[in-house]
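2 protein chains.
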Amino acid sequence: MSSLSLKGGDLSRLRQLNSVSVIKELRGAEPATLSILAERTGLSRPSTKDVVDELTRLGWVEEVPPATGTMGRPARRYRFRADGGHLVGVDIGAHNIRAAVADLEGNVLAETRRPARPDAPLEERLAAIKRVVMNCLDLGGLTMSDLWMVAVGTTGLVTPEGRIIMSASISAWKDLDLSRLLEETFPCRVLIENDSRLAALAETRRGVARGARDVVFLHIGRRMGTALILDGKLHRGFGAAAGEIVMLPETGWVTAPEDLNSAAIVPEGTPIEDAAGFTLAAARNGDPTALDAVGRFTKKLAVGAAAAILLLDPEIVVLGGGFSRSADVLLPPLRHALERVCLRMPKLSGSTLGDECVVLGAIDYAIDHLDQFFFAPDGPALRPPVRPAVVPKPGLSSK
Amino acid sequence: MSSLSLKGGDLSRLRQLNSVSVIKELRGAEPATLSILAERTGLSRPSTKDVVDELTRLGWVEEVPPATGTMGRPARRYRFRADGGHLVGVDIGAHNIRAAVADLEGNVLAETRRPARPDAPLEERLAAIKRVVMNCLDLGGLTMSDLWMVAVGTTGLVTPEGRIIMSASISAWKDLDLSRLLEETFPCRVLIENDSRLAALAETRRGVARGARDVVFLHIGRRMGTALILDGKLHRGFGAAAGEIVMLPETGWVTAPEDLNSAAIVPEGTPIEDAAGFTLAAARNGDPTALDAVGRFTKKLAVGAAAAILLLDPEIVVLGGGFSRSADVLLPPLRHALERVCLRMPKLSGSTLGDECVVLGAIDYAIDHLDQFFFAPDGPALRPPVRPAVVPKPGLSSK
DNA sequence: GGTACTTATTAAGGAGACCATCATTAGTAC
DNA sequence: GTACTAATGATGGTCTCCTTAATAAGTACC
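Residue numbers (my numbering), protein chains in the order written: chain U, 149 to 547; chain F, 149 to 547.
Take these hints with a grain of salt, some might be off.
[As the list claims (entries may be wrong)] Below, a list of computed lysine-lysine pairs in the DSSO-like style, where the Cα atoms sit at most 27 angstroms apart:
{"no.": "1", "chain 1": "F", "residue 1": "Lys197", "chain 2": "U", "residue 2": "Lys172"}
{"no.": "2", "chain 1": "U", "residue 1": "Lys322", "chain 2": "U", "residue 2": "Lys278"}
{"no.": "3", "chain 1": "F", "residue 1": "Lys278", "chain 2": "F", "residue 2": "Lys322"}
{"no.": "4", "chain 1": "U", "residue 1": "Lys448", "chain 2": "F", "residue 2": "Lys448"}
{"no.": "5", "chain 1": "F", "residue 1": "Lys447", "chain 2": "U", "residue 2": "Lys447"}
{"no.": "6", "chain 1": "U", "residue 1": "Lys448", "chain 2": "F", "residue 2": "Lys322"}
{"no.": "7", "chain 1": "U", "residue 1": "Lys495", "chain 2": "U", "residue 2": "Lys448"}
{"no.": "8", "chain 1": "F", "residue 1": "Lys495", "chain 2": "U", "residue 2": "Lys381"}
{"no.": "9", "chain 1": "F", "residue 1": "Lys448", "chain 2": "U", "residue 2": "Lys381"}
{"no.": "10", "chain 1": "U", "residue 1": "Lys447", "chain 2": "F", "residue 2": "Lys448"}
{"no.": "11", "chain 1": "F", "residue 1": "Lys278", "chain 2": "U", "residue 2": "Lys381"}
{"no.": "12", "chain 1": "U", "residue 1": "Lys495", "chain 2": "F", "residue 2": "Lys381"}
Hints were generated in silico from the structure; no laboratory data involved.
Take these sequences, add in the hints, and give me the full structure.
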């Protein structure tokens with residue numbers, strides 16, 4: 149949101165700008181009176197009334213009972229109608245498909261999950277996605293027609309247009325126009341983005357990094373990766389390949405997970421998905437072998453992290469991904485390693501949003517795009533809460 | 149420019165937006181007729197006329213003789229008055245102080261240079277700066293009162309407010325409010341920024357990287373550094389410490405210049421500032437020892453460059469700094485080293501702006517700030533070309 | 001219960017900025 | 001000199017915002 153290409157126009161454009169100002173003040177905030185809105189938007193009271201009346205008529209805003217017990221005549225209060233439309237965020241992982249439905253303020257109404265086989269054929273996977281979303285809508289008491297937008301986070305390289313180039317962990321993901329495929333299933337626009345990036349977005353909008361403009365998100369788990377929020381926006385890079393510092397040999401990131409997975413202390417036969425957790429738990433209890441493994445891991449982690457920090461000087465670094473459940477074990481040695489090389493030490497935190505991270509990020513991503521659509525200077529004016537006929541594609545509209 | 153926080157207001161705000169649209173169309177472009185402006189801005193002809201008339205009255209725009217030989221009644225033509233105000237860009241290096249004065253379109257009118265001693269005391273250095281700028285103004289036939297803004301690029305760590313924390317190569321630069329000091333000398337706002345960053349900006353606005361949104365600038369010379377242009381804007385980072393990947397031990401950047409400076413082929417007694425040039429010239433002629441040294445240097449260079457490329461996926465990487473005069477020698481081995489690790493290979497080029505890079509970047513930086521000032525939503529409306537009384541400080545106004 | 005005070009609402013008048021339309025003007029083409 | 005072309009200038013109308021002033025609906029206090 150926020151930065152759209154600034155452009156003039158006729159008087160209706162001015163009204164549009166003022167409408168947006170009012171909605172921005174109301175959304176995600178307590179109900180407000182006309183006086184408050186007038187002061188915050190800089191408009192006069194009568195004009196504010198005009199704008200609010202129009203927004204009410206269009207269905208964006210509704211009146212709530214006035215607050216009691218105040219001096220003077222009780223002021224009418226208005227709030228944003230977050231339930232005017234609904235968004236779905238989907239997280240398509242190799243082993244799990246998650247979905248959550250939220251209102252226009254990003255409040256989650258319902259959430260569902262369903263296991264998946266990493267090697268499932270495309271048809272099966274698409275059907276599973278549909279089922280998860282339908283379930284989720286049911287749970288929230290909604291139907292397909294309530295959907296304004298679906299945003300999907302998944303592993304692999306994703307183009308701004310919603311094509312998947314490839315994914316190492318999902319065999320069906322191979323040169324695929326996932327956006328188009330899912331738009332045949334759902335009656336609305338479907339956005340696709342890399343899952344780590346969406347997790348980073350969620351942490352920036354509602355997690356530990358809330359309010360930060362520059363954030364480095366370290367995805368640590370059986371696969372390593374990074375995602376960047378720069379100037380408050382998701383950074384994709386020219387070819388949507390940003391965040392791949394794992395490919396730098398000097399970091400040792402490709403093999404780093406092995407330090408935890410194959411530590412000498414892990415009992416024979418432990419399933420691979422539990423191995424690192426075992427090592428980290430042992431380290432928490434002070435086991436020297438485990439601590440040694442953690443030391444080796446964080447040393448590698450620190451190399452890539454330091455590269456990102458020195459280059460970008462972020463306000464905060466967030467640890468996410470599977471291993472971040474043990475952030476308490478990893479943070480001290482990581483901080484120690486970073487302090488030796490970093491010019492200015494950023495804040496350092498573990499993710500707080502946990503497994504829902506990607507789904508929440510997808511919802512936030514969808515909200516960003518709704519803004520771009522409704523508030524665009526040359527787009528359609530503010531509309532009643534019905535499904536927009538055409539929404540510009542992500543990468544294209546941002547110009 | 150471009151992205152300012154979108155806000156409504158009264159009718160004058162609309163006029164302001166439309167005025168900005170017109171100026172943006174005129175600035176840096178050929179004189180235009182009302183019909184052309186009306187079409188490009190989306191305004192009606194009468195309104196365009198109104199806006200242009202007002203801008204003419206304020207001194208932002210002037211009429212030029214109509215084009216001849218066209219069908220129909222000759223249209224009046226208007227152009228942006230780039231000479232309505234002037235900006236000075238200054239490059240304060242350890243051994244040289246450069247300055248250039250430019251008009252509001254960034255066209256350089258005059259340029260001066262003056263040697264300096266790295267260990268000169270503060271007073272002497274400040275006096276030298278003043279003399280260089282005065283000289284430059286003289287050469288351009290201007291006086292101090294024509295100055296709208298001065299932008300300074302210098303080595304070291306610079307805060308967004310214009311304080312210098314420290315600099316390794318200029319002894320007088322030590323915890324210093326350079327912005328304030330120079331504002332006592334010049335009758336206008338003085339902006340300070342790191343020199344590499346300004347060089348990167350110049351390359352993005354008028355050099356090899358023109359038009360690119362994401363640019364990585366590698367400063368290679370007796371000191372190594374990087375600067376980033378992200379989403380078209382200079383990236384400073386939270387503590388203005390971005391671009392310091394030189395501090396990452398794994399890159400070997402701290403000692404990398406030694407590979408070229410102390411190559412076995414360099415004759416005894418060669419002044420340090422010519423040593424690398426000697427090695428690079430020898431390498432160009434195929435000398436094996438020199439080529440070996442270049443190989444060692446580019447290998448280190450590639451590590452830091454790869455970190456930046458993999459993280460950010462820029463459109464283009466620009467080689468700047470003293471060594472970049474021999475970019476033709478360095479680029480092939482660098483490209484070769486990068487191709488082995490980069491997921492998507494960016495364009496790779498040497499700087500084309502040469503020694504004037506920082507001064508030009510300073511001018512472009514000043515232009516960006518003028519925009520922010522004049523076109524800010526809550527700032528003063530468009531004004532006649534007289535020196536603005538107060539211009540918001542860089543970092544603060546950008547919110 | 002009545003009066004004073006406080007804060008919102010409502011209504012009226014006015015100014016600024018935009019638009020559409022049309023008659024007029026100043027060139028070129030032949 | 002006539003036909004054609006394209007820009008100019010003037011008129012009237014609409015929309016959005018602002019200011020000001022009268023009215024309304026509560027609380028506080030006697």
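Query raised in the report: Where does the structure disagree with the numbered hints, that is, which hint numbers, in rising order?
Result: Hints 1, 6, 9 and 11 not satisfied by this model.
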